[in-house]
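Q: Chains as they are written, first to last, in the working numbering: chain E, 7 to 429; chain U, 7 to 429.
Quick caveat, the hints were computed from the structure, so don't treat them as lab data. All values reported here derive from a predicted model rather than from experimental measurement. Heads up, some of the hints might be wrong.
A pair holds if it fits inside one copy or across any two, identical chains being indistinguishable in the list.
[To be verified] When the alpha-carbon atoms are kept at most 20 Å apart in a straight line, the in silico EDC-like pairs for lysine to aspartate or glutamate are as follows:
id	residue 1	residue 2
1	K299	D243
2	K170	D44
3	K21	E400
4	K21	E119
5	K387	D243
6	K325	D388
7	K321	E261
8	K176	E327
9	K176	E158
10	K28	D341
11	K387	D211
Number of protein chains: 2
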Amino acid sequence: MGNTEVNINGIRLNKTLFESCKWGSTPDGGMNRVALNDDDKSVREWFAEQSKSYGCSVKVDQVGNMFATRPGMNNSLPPIAMGSHLDTQPAGGKYDGIVGVMSALEVMKVIHENDIKTYAPIAICNWTDEEGARFSPAMLGSGVWAGVFTPEYAYARTDKNGTKLGDELKRIGFLGDTPAIYKENPLLAHFEVHIEQGPILQREDAPVAVVTGVQAMSWFNVELRGREQHCGTTPMDARADTLLAAAKMIIAINEAALGIPGSLASVAVINSTPQSINTLASRVQFNIDARAKDNGVLAQLEMRLKEVCDEVSAKTGVKIEVWDRFWNSPRITFDERMVETVRASAKESGFKYLDLQSGAGHDSVYTSKICPTAMIFVRCKDGISHNPSEFSTEQDIEAGAQVLLRAVLAYDNIIQAQEEHKH
Amino acid sequence: MGNTEVNINGIRLNKTLFESCKWGSTPDGGMNRVALNDDDKSVREWFAEQSKSYGCSVKVDQVGNMFATRPGMNNSLPPIAMGSHLDTQPAGGKYDGIVGVMSALEVMKVIHENDIKTYAPIAICNWTDEEGARFSPAMLGSGVWAGVFTPEYAYARTDKNGTKLGDELKRIGFLGDTPAIYKENPLLAHFEVHIEQGPILQREDAPVAVVTGVQAMSWFNVELRGREQHCGTTPMDARADTLLAAAKMIIAINEAALGIPGSLASVAVINSTPQSINTLASRVQFNIDARAKDNGVLAQLEMRLKEVCDEVSAKTGVKIEVWDRFWNSPRITFDERMVETVRASAKESGFKYLDLQSGAGHDSVYTSKICPTAMIFVRCKDGISHNPSEFSTEQDIEAGAQVLLRAVLAYDNIIQAQEEHKH
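Bound-form chain E, shown alone (with noise of 0.2 Å):
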């Protein structure tokens, strides 16, 4: 089919990308365009007339997942998607899933301008509320596409001001009549171009990354109870110093995960109580988030936190009240044929390219769970995201919309050449 010849346009695809973000912008140039409100209902019309403009019919599901699909030689198939999200995180960037669909649509583009006939139907997904910055959880569109979570429980999920999710879908529009299943509505495939959100590439000088699938993690909550003890009055060897203690267990989470090669261990969230100057802790807080390379990793971290932290309890006589994993995503390792096909194709369009695991969660993560799934990573600048100054170059985004491009159109050769051998 040629296909090799066809090439993305990266200018414009990054102004593609301003434009679409003209809905959410904030002045310090982030975005502001948390899930169904209103600039989210005027970028989700915007890529409606879009898509349309490219061939391509839209579907809105019950969860306001959009699927905007061009059809293909054998529309008796499910589409190959290339998906992502384009809500943002309350000060967000322009990067984080705006790129994915971004650089989806201009992939769109090249192949309708080019007039490719695929064979099967390929199509563009903008997944609901992946940010869960608005209505929590995360990934809720995906989530309920794949399965994890009912329309019914998506509906009900509410912002900080008591709104539900199910009436700002009504109220913009974008409650949708196909069925939030993947059942009722499958895909064959899902492709994701995302930015890394890590600054991995930018270290090995690589524009983009092959992801080969998600890594384990693991979240914990800690209650630690010592004693409440005026600071002027008790002796310093006389304390059961909560804060102290957790202090110490901090220090020592750090170190047992620099112990462990393929594994991250961070404390990010910590409360004392009572928040009184010249008054110990007698309560302290925090939360654990633990990650590795594969499930054995994590396993062993864990029992080594677990281990480091009843170290600490025993020495300074500070309780360990609470010890819950009350979150555990084990690894996930994407579709090794679609892994290969973007590997092939980041090779083919002589790029330099690492192979990574994703640390964070993504749409993909649920599709990964119901249609052969993969991921291309970008390079963004120093690692930054969920912020406003999020950055990618026009070059590297370019680079990962030519990778989707080419794996698109490889994986729909596979698909063709498997589809003819059962004939």
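Place chain U on chain E using the hints.
A: Chain U alone, transformed into the frame defined by chain E:
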């Protein structure tokens, strides 16, 4: 004057203490009698009646401080006062402050019942809002009397509901007309019995301490700035983890104080931003409470604290954006003759006693700026205070009151000798 024969009735004292606690007692055995609430009104009225029945006349000043005075032989002299406070923390105990006023009342009873003619008048002070729990700052009533605050400043203090102290004084009938300033309502001396609020007397097996002064203290506000980074995508060696740096500082602060004899340093308040489990904190705020036996040691400690935190900052790349010593109170040395009077009284009473410095603030801190002041500490269980489980034994409270009784009478003798020597 044969005063050595008179003795405190510990059983009666403890009974009176419990009687006074029927206003504001909580089901857990603690107290909630924050300044100027209905229970404070009731106990003030009861206290006035009690004092009158033991030969006192009662004055109330413009900020509600109560002065119950029993005339002496020379009523041209200001009274020798025994003061403390009847207000409590919202989840406080039956001993902090209350022991001081009840001991003074018991002393007054013994003096009255034994028909002792003191040379100077003797007074009991109930200082308004010592705790500062309802109306900040603490020691407000004694602070106004000492000229540290104006009555107008006190009137304008609001509680969490926006109610003004001045309006509450009026409402409960304790907006008196005695000028709330030492110049117009002087005291000859101020003795205060108070629970230790620390564990040293228990550890040293002594019922009472002679308080020689108050530690030097400083409070710091520290604000750190690192990088907001994704916990899942940022390698451990590419982080400027603000909370990890704070943890290292907390430990270094602790070690700094351990390395400087006679000093204390505590971090009890901490706040991290953003409170997101998978985003490293970019800002952490904490406070340091630094204390030392004298101003020189405090200065040494303060220098060391900055040094160790700077070291952590340099190593971690987390900046110290704010290092603000927002409060400092130099060491207070109580009047030598007053302290010696208390020490002699403890010795003659046959009690084991220690010399201690106060680590906490008390009304005596302000009175000591104006008139000769000394304090007597009473042992309390496990050093626990500001808590429903706060406790001192009947015997230890009796010991404190006995030392107070002897000291007041001895000091009165000293005054008498001094005055008669003048003539």
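Q: All the hints need checking, so say for each whether the structure fits it.
A: How the hints compare with the structure:
1. K299 / D243: between (42 Å within a copy, 16 Å between copies)
2. K170 / D44: Close inside one copy (15 Å), not across copies (44 Å); limit 20 Å.
3. K21 / E400: So K21 and E400 pass the 20 Å test inside one copy only (9 Å; across, 82 Å).
4. K21 / E119: within (17 Å within a copy, 95 Å between copies)
5. K387 / D243: between (47 Å within a copy, 17 Å between copies)
6. K325 / D388: Between copies only: 18 Å across, 39 Å inside.
7. K321 / E261: both (18 Å within a copy, 15 Å between copies)
8. K176 / E327: neither (45 Å within a copy, 46 Å between copies)
9. K176 / E158: within (14 Å within a copy, 57 Å between copies)
10. K28 / D341: neither (36 Å within a copy, 72 Å between copies)
11. K387 / D211: within (11 Å within a copy, 64 Å between copies)
In the structure shown, a violation is registered for the earlier hints numbered 8 and 10, in ascending order.
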